[in-house]
Amino acid sequence: MPQDIAQRIAALADELEEHLYRYHVLNTPTISDREFDRLLSE
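In the numbering used here, the protein residues as written are 1092 to 1133.
Honestly, the hints are just simulated from the structure, not real lab data.
C-beta: ideal position from N, C-alpha, C; glycine also.
Take these hints with a grain of salt, some might be off.
Said to hold, decoys possible - Simulated DEER-style distance windows between Cβ atoms:
| no. | residue 1 | residue 2 | range |
| --- | --- | --- | --- |
| 1 | N1118 | M1092 | 18 to 26 Å |
| 2 | A1104 | D1124 | 29 to 37 Å |
| 3 | T1119 | P1093 | 31 to 39 Å |
| 4 | R1129 | I1096 | 25 to 33 Å |
| 5 | L1131 | Q1094 | 30 to 38 Å |
| 6 | N1118 | D1095 | 29 to 37 Å |
| 7 | Q1098 | R1129 | 13 to 21 Å |
| 8 | V1116 | Q1094 | 13 to 21 Å |
| 9 | H1115 | Q1094 | 18 to 26 Å |
| 10 | A1101 | I1122 | 25 to 33 Å |
| 11 | A1097 | S1132 | 30 to 38 Å |
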């Protein structure tokens, strides 16, 4: 797998994890459900 793709996957995973924590634990989402779904599908 090319390095740039691996880095993008890692960055997306970190970002999604942060959003999930804010949504489920802190109950303070910082992005819309639609934006989260867009990130997840990328």
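Hint-by-hint comparison with the structure:
For the pair N1118 and M1092, the supplied restraint of 18 to 26 Å is violated, since their beta-carbon distance comes to about 36 Å. Roughly 19 Å separates the CB atoms of A1104 and D1124, a value that falls outside the hinted 29 to 37 Å. Look at T1119 against P1093: about 36 Å separates their beta carbons, and that is inside 31 to 39 Å. A beta carbon spacing of about 18 Å between R1129 and I1096 contradicts the range 25 to 33 Å that was offered as a hint.
A hinted range of 30 to 38 Å is violated for the C-beta pair L1131 and Q1094, which are about 23 Å apart. Between N1118 and D1095 the beta carbon distance is about 35 Å. The supplied range of 29 to 37 Å therefore holds. Evaluation of the 13 to 21 Å hint for Q1098 and R1129 yields a pass: the beta carbon distance comes to about 19 Å. A C-beta distance of roughly 32 Å is found between V1116 and Q1094, which places it outside the suggested range of 13 to 21 Å.
At roughly 32 Å, the beta-carbon separation of H1115 and Q1094 lies outside the given 18 to 26 Å, and the hint is violated. Checked against the hint of 25 to 33 Å, the pair A1101 and I1122 fails, with Cβ atoms roughly 19 Å apart. A C-beta distance of roughly 18 Å is found between A1097 and S1132, which places it outside the suggested range of 30 to 38 Å.
Checked against the numbered hints above, the structure violates hints 1, 2, 4, 5, 8, 9, 10 and 11; every other hint is satisfied.
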